[in-house]
Every structure is written in structure tokens, then in C-alpha cells.
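S.K.: Line order of the protein sequences matches chains A and B.
Once you know that position 74 of the first sequence is 73 in numbering that gives the first Met the number 0, the rest is easy, because the numbers rise by one and skip nothing.
Once you know that position 321 of the second sequence is 320 in numbering that gives the first Met the number 0, the rest is easy, because the numbers rise by one and skip nothing.
If you are wondering where the hints come from, they were derived from the structure by calculation, not from laboratory data.
Cβ coordinates follow ideal geometry from the N, Cα and C atoms, glycine included.
Hints should not be assumed to be uniformly reliable.
Calculated Cβ distances over 12 Å to all of chain A for the following chain B residues [as the list claims (entries may be wrong)]:
{"no.": "1", "residue": "P57"}
{"no.": "2", "residue": "S93"}
{"no.": "3", "residue": "H103"}
{"no.": "4", "residue": "D111"}
{"no.": "5", "residue": "P119"}
{"no.": "6", "residue": "S204"}
{"no.": "7", "residue": "A205"}
{"no.": "8", "residue": "V235"}
{"no.": "9", "residue": "R239"}
{"no.": "10", "residue": "R255"}
{"no.": "11", "residue": "I261"}
{"no.": "12", "residue": "P281"}
{"no.": "13", "residue": "D295"}
{"no.": "14", "residue": "K317"}
{"no.": "15", "residue": "Q350"}
{"no.": "16", "residue": "P369"}
Examples of chain A residues toward chain B, derived with CB under 7 Å [to be verified]:
{"no.": "17", "residue": "E3"}
{"no.": "18", "residue": "A7"}
{"no.": "19", "residue": "I14"}
{"no.": "20", "residue": "I69"}
{"no.": "21", "residue": "Y72"}
{"no.": "22", "residue": "N78"}
{"no.": "23", "residue": "T86"}
{"no.": "24", "residue": "G136"}
{"no.": "25", "residue": "L138"}
{"no.": "26", "residue": "E246"}
{"no.": "27", "residue": "E498"}
{"no.": "28", "residue": "T501"}
Listed below are the simulated BS3-like cross-link pairs for lysine-lysine, each with C-alpha atoms no more than 30 Å apart in a straight line [stated by the list, open to error]:
{"no.": "29", "chain 1": "A", "residue 1": "K502", "chain 2": "A", "residue 2": "K473"}
{"no.": "30", "chain 1": "A", "residue 1": "K322", "chain 2": "A", "residue 2": "K269"}
{"no.": "31", "chain 1": "A", "residue 1": "K117", "chain 2": "B", "residue 2": "K145"}
{"no.": "32", "chain 1": "A", "residue 1": "K109", "chain 2": "B", "residue 2": "K145"}
{"no.": "33", "chain 1": "A", "residue 1": "K153", "chain 2": "B", "residue 2": "K317"}
{"no.": "34", "chain 1": "A", "residue 1": "K529", "chain 2": "A", "residue 2": "K394"}
{"no.": "35", "chain 1": "A", "residue 1": "K649", "chain 2": "A", "residue 2": "K632"}
{"no.": "36", "chain 1": "B", "residue 1": "K302", "chain 2": "B", "residue 2": "K344"}
{"no.": "37", "chain 1": "A", "residue 1": "K28", "chain 2": "B", "residue 2": "K145"}
{"no.": "38", "chain 1": "A", "residue 1": "K215", "chain 2": "A", "residue 2": "K473"}
{"no.": "39", "chain 1": "A", "residue 1": "K649", "chain 2": "A", "residue 2": "K322"}
{"no.": "40", "chain 1": "B", "residue 1": "K317", "chain 2": "B", "residue 2": "K349"}
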Amino acid sequence: MNREQILAILYEMAIVIGGETSLQPLVAKTLQRLLFHTSFPCGMVLLFPEGVQHHDHRCEYADIRMEASIGDYELSLCNGSPIRIPTTLLQGEAELTESAEPLNMLPCRKDYYRVFLKLPIGDCGVILLLSPHLPTGSLPLARIFQPVLGNFAKAILLCRSNEAYTQGIIKDRQTAETAFQDLNYRNSLILDSVGEGICGLDRDGNATFVNPAAAKMLGFTPEELKGSPLHNMLHHRSSDGCGLLPEQCPITLTLREGSYHNIADGIFRKKDGSDLPVEYVSTPLRENDAIVGAVIVFQDITERRQLEKEKEALQAQLVQSQKMEAIGQLAGGVAHDFNNILTVIMGFGDILKMKLKSDDPLHANVVHILEAANRAAHLTRSLLAFSRKQAMNPKPENLNEIVRGVEKFLRRVIGEDIQLETNFKEEGLLIHADRGQMEQVLMNLATNARDAIGSGGRLIIQTESVELDSHFIKSHGYGRIGTFVLISVTDTGAGMDKETCTKIFEPFFTTKETGRGTGLGLAIVYGIVKQHNGYINVYSEPGHGTTFRIFLPLLTSGEVAEPKAPPPYPEGGTETILLAEDEPTIRGLLASTLRDFGYTVIEAEDGSDALAKFTEHCRDIQLLVFDVIMPKKSGVETYEEIRKLCPEIKILFLTGYTADFIRSKGLVDENQALLMKPIFPVDLVRKIEEMLK
Amino acid sequence: MTTGVGYFENNAPDGITAVLGEWRNQHPDMGVLALVAEQDRENMVPLLQNLCRGMGIPLCGAVFPALVADARFNTNGCLLLRFDVMPYTAIYDSLAPSHPMSRHTIQRMADDVAEHLDRPRGGTLFMIFDSMVANIATILDEMYVKLADRVRYMGANAGSETFQPMPCLFDNDRQTQNGALVMLLPDNPGAVTEHCYRAPERMISATSTDGNRIISIDWRPAFDVYREVVEAEYNVKIDRDNFYQPAVHFPFGIMRANDEIIVRMPVALEEDGSVFCVGEVPANAVLTLLRAPELDSLQTVDKLFQGLHELYGTLAGKDLLTFYCAGRRIHLAGRAEEELIALQKTTGAKQVVGALSLGEIGHSMQWGYPSFHNGAIVCCTWCGTP
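Make a model of the complete structure from these sequences and hints.
M.R.: Pasting the structure below:
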């Protein structure tokens with residue numbers, strides 16, 4: 000081989016060495032070319048760690064890193080690892096040596112290699128090529144590669160420096176990437192966690208981002224939405240149900256014009272085709288002032304809408320209650336005054352009737368007066384019942400027994416053309432009720448049904464127990480949580496429209512022709528139900544009949560009382576009674592009645608007068624009969640002062656209001672006797688007789 | 000491992016069936032390596048596949064331009080080489096450098112072989128490549144980096160002498176191309192490879208290459224330089240029309256510092272003056288235009304004998320599996336068969352069998368670096384350890 004050949008080989012080696020910028024390929028390819036040219040079967044590149052360029056020549060061994068090896072299986076297992084080698088393999092010039100001894104320490108195939116070619120690489124390390132026998136060529140292999148080994152050493156330093164620099168860049172980039180990923184992660188955590196739906200759109204309206212909340216609300220997976228045109232997918236339309244063309248769609252406008260839109264009542268279409276009421280904000284995404292997309296943030300307002308509906312229902316219910324309350328107070332007030340008047344008419348009428356002989360020509364007139372007064376009293380009681388100021392005697396009652404009790408009477412009320420059906424779904428339904436008032440409710444509803452049906456139809460009364468829960472209360476706007484009995488009274492009559500239903504319980508509201516109805520029937524029902532802490536509602540549609548539903552609290556225990564026998568006729572007495580009543584006619588009536596029954600009556604026109612009269616006749620007076628409300632000094636105040644003088648004195652209060660009302664105002668003690676006007680003379684005498692016993 | 004050999008000049012199934020049946024009776028776990036002549040590929044390969052499938056015999060094989068039997072070249076028939084126990088065999092395709100899975104496949108080949116090695120070192124990795132795979136030298140480099148001296152390396156290239164693509168590798172079920180057939184012969188002591196091409200003094204440099212294509216030599220179009228050097232060194236005129244015929248006599252040689260030469264046979268010419276070789280030429284490789292062995296030289300046979308003797312001792316009575324370079328045969332013409340006969344006579348082998356190959360794989364030193372050669376003869380025995 001001539002000089003030209005050697006130079007050509009060195010040129011090829013130099014090109015290989017100069018063509019690499021990373022350490023591993025540099026050493027591997029250089030080693031490969033050396034093995035190719037020398038025909039050595041095995042070789043290795045051993046390098047000192049970076050920054051350590053000299054070993055201690057006094058030591059027998061040196062630690063060095065096996066950067067690369069080719070051709071020996073055992074040796075290849077040490078690639079990249081530090082190994083310990085005799086320093087003789089590191090020291091000195093390049094050499095081709097036939098000696099197995101220094102090779103014994105190498106982690107290579109044992110007892111096989113006998114020749115090594117040592118090629119020092121400047122201060123970096125050494126290349127060792129191993130062979131079982133001396134090569135056959137004529138070239139001085141130990142020297143031939145010398146010129147390129149210097150280049151190889153420089154290339155190693157350059158690659159290391161390059162790699163350190165690259166590592167620095169990679170590390171910086173990794174740090175930046177980690178920070179970026181961390182930021183991304185935190186951002187995605189936020190986007191994944193928020194309850195609002197968030198969709199990113201590209202310029203064409205295709206979804207580029209969908210957060211889990213958006214996908215969940217719409218019933219899609221994020222993957223189903225990504226890349227899809229959102230307008231088409233969600234079939235965007237307005238809340239009035241009209242379809243929205245893309246050019247009308249606020250989101251499209253955002254994409255086209257960069258405008259911001261906040262839509263309070265939008266509709267998106269869910270995957271299952273159902274509507275999703277939403278409030279959404281459409282905001283343009285800009286990059287260098289150019290619109291590159293939009294972001295849509297929306298929330299499901301289904302619940303909000305439901306709450307608004309419930310609030311509206313509650314509001315209507317409240318208005319209705321307040322209206323009924325106001326009407327009740329008005330009716331109650333009128334009835335109170337009316338009662339005073341009736342007390343006079345009925346009282347004097349009754350006395351007149353007692354004093355006239357039955358064959359007296361005026362007797363019939365008096366009877367007519369009393370009958371009219373009775374009807375007026377009935378009307379007054381009705382008004383009081385509606386206004387919940389009617390006297391009430393509640394006891395544990397069996398609801399089904401009440402219905403059964405009036406069933407016969409109801410049949411008579413509704414007539415033969417209307418069929419009455421009762422359906423008791425459960426037995427033993429106990430309520431705390433005034434039996435008479437409950438009968439009144441059923442009577443009034445039956446009368447109402449009869450008038451609605453006309454001729455030929457059905458009236459169905461059904462009883463059962465029901466649980467009222469929060470859902471019922473929310474959806475109906477009334478009620479409270481607990482177990483109730485439900486009385487449903489259904490007729491197959493003409494039914495009513497919605498407006499009529501809203502006024503049906505108002506007093507004097509009637510759809511009947513003039514003179515046929517008082518307009519108080521259902522008002523009384525309403526009042527009685529309310530007085531029993533119950534609820535009533537009506538469901539009706541024109542042509543489809545009407546159902547009244549009455550909810551009354553279910554009694555879980557209690558005994559139903561047996562009906563009492565009527566009390567005996569009073570005999571009267573001889574005691575002295577102080578009677579205080581500001582209304583002269585009533586006072587005269589009551590005094591006259593009591594005297595007729597043998598009592599001595601001292602009359603007072605108000606509280607102050609009563610106090611004076613008592614002081615004057617205190618030794619004689621056994622009973623006080625005071626009107627509760629009187630000018631100057633009320634009956635209650637007067638009594639309190641008299642009691643200080645005479646603690647044992649007995650008192651009977653009279654009032655035009657109901658006993659419950661007076662007691663609820665704290666005017667009269669629970670233990671004190673109270674009678675409600677209009678007062679029949681017999682009842683008054685019976686009460687006094689009972690108190691003076 | 001014991002083996003057997005059978006050559007079938009025509010594709011008469013009865014004779015093949017009878018031999019396979021007899022072999023299988025004696026060796027139930029046997030397998031077959033089939034070398035098929037290119038001319039009979041279309042009939043012979045399906046026939047062998049059907050027969051072996053039917054008899055449950057594992058089969059692998061390759062197609063070569065001609066077969067070697069009785070120390071002669073035969074362009075017909077098939078040569079069946081029996082393994083008493085079928086060794087690890089695999090066919091890989093998608094090895095062409097342009098294939099996206101090429102690097103992965105090379106890695107897989109090495110991994111698969113390593114996985115089937117049952118000891119740290121031993122056996123021979125016998126490889127038959129499709130000659131259309133242009134980067135065989137690189138593949139061998141990568142195999143050596145991975146497998147190192149755990150195996151010996153030997154092999155040959157299959158395909159058509161016209162270098163037209165064809166499915167030249169097969170097993171029981173498929174024929175494929177652009178790949179390699181790999182066999183791990185557990186007890187085989189390896190092969191000897193020799194060519195004895197000689198280098199003249201003048202050196203040139205492959206200043207630009209791309210795989211097996213030399214684009215420029217000494218910074219000029221490769222063909223221009225090649226033509227000038229051939230004329231100057233050997234007084235032979237070459238032009239574009241007669242390129243291939245004289246080129247086989249003057250192949251490129253890649254020079255190594257230990258005086259060894261890797262032969263690269265030029266086989267095709269491009270419009271731009273690029274020259275295609277069988278096998279890669281590294282960029283900046285030192286080249287020379289080799290002088291082919293003299294027609295009456297037995298130097299190669301002598302070297303082969305020495306190498307085989309060192310490996311096997313006496314070869315008397317043994318079958319000699321031989322892959323003989325197709326370019327070498329063109330160069331030597333009728334003397335090529337004389338070289339085979341001389342080989343048989345010198346070694347004392349019972350018979351010389353094998354194929355005309357389009358590239359040869361071997362190493363200059365046992366357990367050493369594998370090289371991809373042209374113009375060479377690869378020899379090993381086919382009867383197990385000596």
C-alpha cells in the first residue's frame with residue numbers, strides 16, 4: 000500500500016470523525032472504521048470522565064469509562080460503564096503488542112485475545128483493538144492512524160462541549176416545558192372543574208376545546224364535539240322556539256364581527272334531542288387584532304327557571320291568601336256588628352213571641368220576623384265561618400264516619416238524577432275537627448256539584464291518607480311536610496275556566512243566576528278548611544268536571560267522642576247579676592230575659608259605670624256578665640279591677656267575635672266563661688244557671 | 000447436527016416426495032433449506048411449499064441464478080438441504096432502506112437471534128438476502144454491534160442475475176422479496192470466504208455515494224473516472240453500451256489498511272454517470288479498480304482449502320456447501336467450473352453443492368467482523384461439526 004492509499008484511508012477517517020457532533024456516534028463510527036481497516040474483530044473506546052484528563056501514573060490501575068465497544072459480547076455488556084484497567088494500557092505511545100497479560104483484567108472474552116493495538120487519544124483516553132493473533136498486513140497500524148487520533152481527541156472535546164451546551168438548552172427547554180405543562184395542567188384542572196360549560200371555537204365555528212362540564216350538560220363526549228361545527232351540532236335556536244340561521248346566531252356574529260354577546264335565555268340542543276335552557280356568553284378570541292375564534296361560556300338554567308316558576312306559583316298563592324284574608328276580615332267585621340243587631344231583633348222577637356198568645360193575629364208576624372232573623376243569623380255565621388271567626392268545637396273525629404253520616408242527607412240534596420259514590424280507600428282516618436263544620440263542608444260542596452251538574456251525572460267523594468313532601472309543597476305552592484287525609488270531591492259537571500277557579504272561594508262570588516246562590520258556600524268551605532289548619536285546591540276544566548281536594552292533618556291517636564244528649568230547659572234563679580253592655584238595646588234585651596227567669600239585674604252602660612255599680616252593690620252581686628269590648632273601660636279591664644276588690648267574683652264575658660278570636664288575642668283567659676253573640680236567651684240563662692250552681 | 004443433501008434437476012414431484020418421505024421417516028423433526036434455480040422458480044417453489052405443507056415439514060429457501068451440484072453450475076431444478084432438526088429460522092421483509100420499517104426490522108432481526116441464542120457464544124448465523132436490498136453492509140454492521148462475537152456470520156445473496164426484482168425468499172406459506180432469510184445453525188463452525196482479486200497501485204476516492212450507488216469519484220462523475228482508469232490500467236475501452244460485460248473483470252475494490260480488499264461489482268449505469276454496485280460503498284472510501292484472478296490461478300482454491308482445513312480439519316467425504324459469485328463466473332467463464340472441480344479435488348470433499356450468488360457474506364477472521372463481498376466464494380461443510 001503506497002502513501003496515496005494511506006492518505007486516502009486517513010482522509011476517509013477524518014471525514015467520519017469530522018462529520019459527527021455527538022459523542023456516541025463519533026466514537027462508534029470511528030471504532031467501526033478502525034475495525035474495518037485493521038480487521039481486528041473487537042475494539043473499545045475508553046474515555047476519562049469529562050474534566051479528568053490525567054490518571055495517576057504511579058498507580059497500577061486506572062478507572063475509566065467504556066464509551067463504546069464492538070465485537071465482544073462480554074465487553075458490550077459494560078458499554079457506558081466505568082471499568083478498571085492496567086495503567087500500562089493507558090500509558091505510552093501507540094503500540095501493537097502481542098501480550099495476553101494486560102488483557103486479563105479487561106471484562107472481555109477470557110483467554111482468547113493475545114494481541115492489542117493501543118491507540119491513545121490525546122488526554123481523553125485510549126482506543127484498544129483486540130485480536131487473537133497478529134494482523135497479516137504490512138502497514139504499521141500503530142502509527143498509520145496517528146494523524147487522525149489528534150483530530151479524534153479534539154472531536155471528543157468538541158462533542159462533549161456541544162453536548163453540554165445542548166444539554167443546557169434541553170434542560171432549559173425541559174424546565175420551560177415543565178412550567179408550561181404545569182400551567183397547562185393547572186389551567187385544564189380549572190377548566191375541568193368549573194361548573195360552567197366552556198367551548199372554544201375556531202374561525203369556522205368548529206369546536207376546538209370542550210370542557211367536561213359542557214360535554215356533560217350537552218350529553219356528548221368531548222371527542223364527539225371536538226372538530227364539529229357547534230352551531231349545527233347544538234342546532235342553535237332562540238328561546239321562543241324559532242330556529243336560528245347561522246347569520247342570526249349570536250355566536251356566528253361573534254366569529255364574524257368580533258362582537259360580545261350575553262344571552263340570558265338561550266336554548267341548546269342536547270345529544271338526545273331535548274332542549275337545554277342556557278344562559279351563555281360569546282366572546283371573540285383575537286390574535287394580533289384578528290378574530291381567530293370564539294369562546295362560549297354557558298350554564299344550565301333549567302333549575303333557575305323551575306325556581307322562577309315555583310316562585311311565581313308561591314307569589315300567586317300568597318296574593319290569593321292575602322286577598323282571602325282581607326275579604327275574611329271585612330266579612331268578619333260586618334258580621335260582628337250584624338250580630339249585635341240580630342241579638343236585639345231575635346231577643347225582643349223571642350220575648351214578644353213568648354208574650355203573645357198563639358191565636359193572637361200578631362203572632363204569625365212575630366214568627367216571620369224571627370225566621371228572617373234566623374236566616375240573617377245563619378248568613379252571619381257563614382261569613383264568620385269564612386273569616387274563621389266562627390266558634391269551633393274540634394274533637395278527634397273519624398272522617399269516613401262523618402261522610403257516612405251525611406251521605407243520606409247529601410243524596411237528598413243532590414237529587415235522584417245525580418249518582419253519589421263514596422270511595423273510602425282507607426279506614427280509621429282520624430282528624431281533629433268540628434264535626435258540624437265538616438258536615439257543612441260536604442253539604443256545600445255537594446250543593447255546588449249539584450248546581451254544576453244540572454241533571455244526570457256523578458258526585459264522587461273519596462278519602463285517603465297522603466304524605467305531603469317538599470316536592471309537593473314546591474310544585475303546589477302550599478302545604479307543609481307531614482301526613483294528611485285527603486278528601487276529594489269530584490263532580491262530572493260543567494267545569495270551570497282558570498279565572499273562575501281563582502275566584503271560586505271569594506265570598507259572594509257566584510256563577511249562578513241572581514237569587515239562586517248566596518256566593519258564600521265555597522267561601523265557607525274555604526274558611527272551615529283553613530280553620531282546621533288544612534288546605535283546599537280546585538282542579539277544573541270547562542266540560543270536564545271539577546275536583547276539590549281538601550287536605551286535613553291526620554291524627555295519629557285519639558278517641559272519637561259519642562254525641563251528647565241535648566241539655567235540659569233552664570229553670571233560672573234568684574241571684575243578683577251585674578250586666579255591663581254598651582249597646583242599650585242588647586243590654587235591655589239581656590236584662591229583660593234574665594229578670595224573666597227570676598234574676599235580679601243591675602245594669603251598667605260601660606266599664607266605668609259597672610265598676611261604680613259593683614262598688615255600690617258588692618255585697619249583693621254574685622255574677623258579672625260583661626261585654627268584652629266596651630268604650631271607656633273594656634269588660635276585661637273592669638273585671639280585673641273588681642277582682643282586686645273581690646277575688647272570688649264570677650264573670651261571664653259576651654262578645655260579637657268568636658271565642659277563639661278573643662282568646663287568641665289574649666283578652667279572655669282560658670278558664671273564664673265566654674258566650675258569642677247573637678245570644679239566644681235560653682242559652683244565656685243555661686250558662687248562668689251552670690255558673691251559679 | 001447431521002444433514003443431508005439432494006439435488007433434483009427437474010420438478011418431478013415423485014422423486015422429491017420420495018426423498019422427503021424417506022428423510023422424515025428417519026428424522027421426524029427435520030426441516031429443509033431449498034435452493035431453487037431462477038429458471039424453475041415459478042413451478043418449483045409452489046411445488047415444494049405444497050409438498051412440505053402436506054408432509055408437515057418446515058421449509059425455507061431462496062432462489063438463485065443457478066445451482067451448484069457435482070461441482071457444476073445448473074440452471075434448473077432445486078437443491079434440498081436437510082436439517083435433522085430444524086434450527087431457528089425466520090424470514091424478514093421490509094428491509095429495503097426506503098421502507099419506513101427498515102431500521103425497526105434490522106433491530107428486530109438482531110433481537111430475535113439474540114433471544115434464540117442458548118449460550119453466550121456459538122453457532123453460525125446463516126443469512127440469505129434478496130440482492131435487491133441495497134444496504135446489506137450497514138445491516139451487517141448493526142447486527143455485529145448487537146450480536147458481536149456471539150455467532151459467526153456467513154451468507155449469500157439470492158435473486159436474479161438480471162437484477163430484476165422478484166420474490167426470491169420463501170417458506171412453507173409465502174414468497175417474499177426485499178428481505179432476508181435468517182437461520183441460526185447451532186453447531187456450525189462457520190465458513191471461509193475468499194476472492195483473490197488484486198489491487199493495482201492507483202487509488203481513487205468515492206467522493207460521493209448513496210448506499211450502493213457511486214455518484215462521483217475524485218469529485219467527477221463516477222463512470223467517467225471508471226472508464227479512464229480501466230483504459231489507463233488495463234487498456235480496455237468501456238462505453239455505456241458495453242458497460243456490464245467488461246465491468247465484471249474490473250470491479251471496484253474498497254481498500255482496508257490491513258491490505259485486505261472488499262470487492263464491489265459494478266452492475267448498472269445511470270444517465271448521470273452514477274454506477275450501481277452490488278453492495279454499499281461508504282462515502283470517501285478508498286477505491287481501486289481490481290484486477291480479477293487470473294484464469295489459470297488456483298490461488299483462491301488454495302486459500303479456501305487452508306481456511307477450511309483450519310476450521311474443519313479433513314474434509315474428506317464431506318459435502319461442501321458453496322456460494323459462488325455470479326460476477327466471478329462471468330469473469331472466469333468456463334474456468335469457473337474448473338475452479339469448483341479443483342475445490343472438490345483439493346479439499347477431498349464428497350461433493351460440492353450450492354448456488355451461484357449475487358453477493359457473499361463472511362469474515363476474514365473467525366468470530367470477527369462480518370463483511371459483505373462480491374466476486375467471492377463462500378464455503379462451509381454441510382455435515383455438522385468435524
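S.K.: Which of the listed hints are not met by the structure?
M.R.: Per hint list: 5, 6, 7, 10, 11, 12, 16, 22, 23, 26, 27, 28, 30, 33 and 39 violated.
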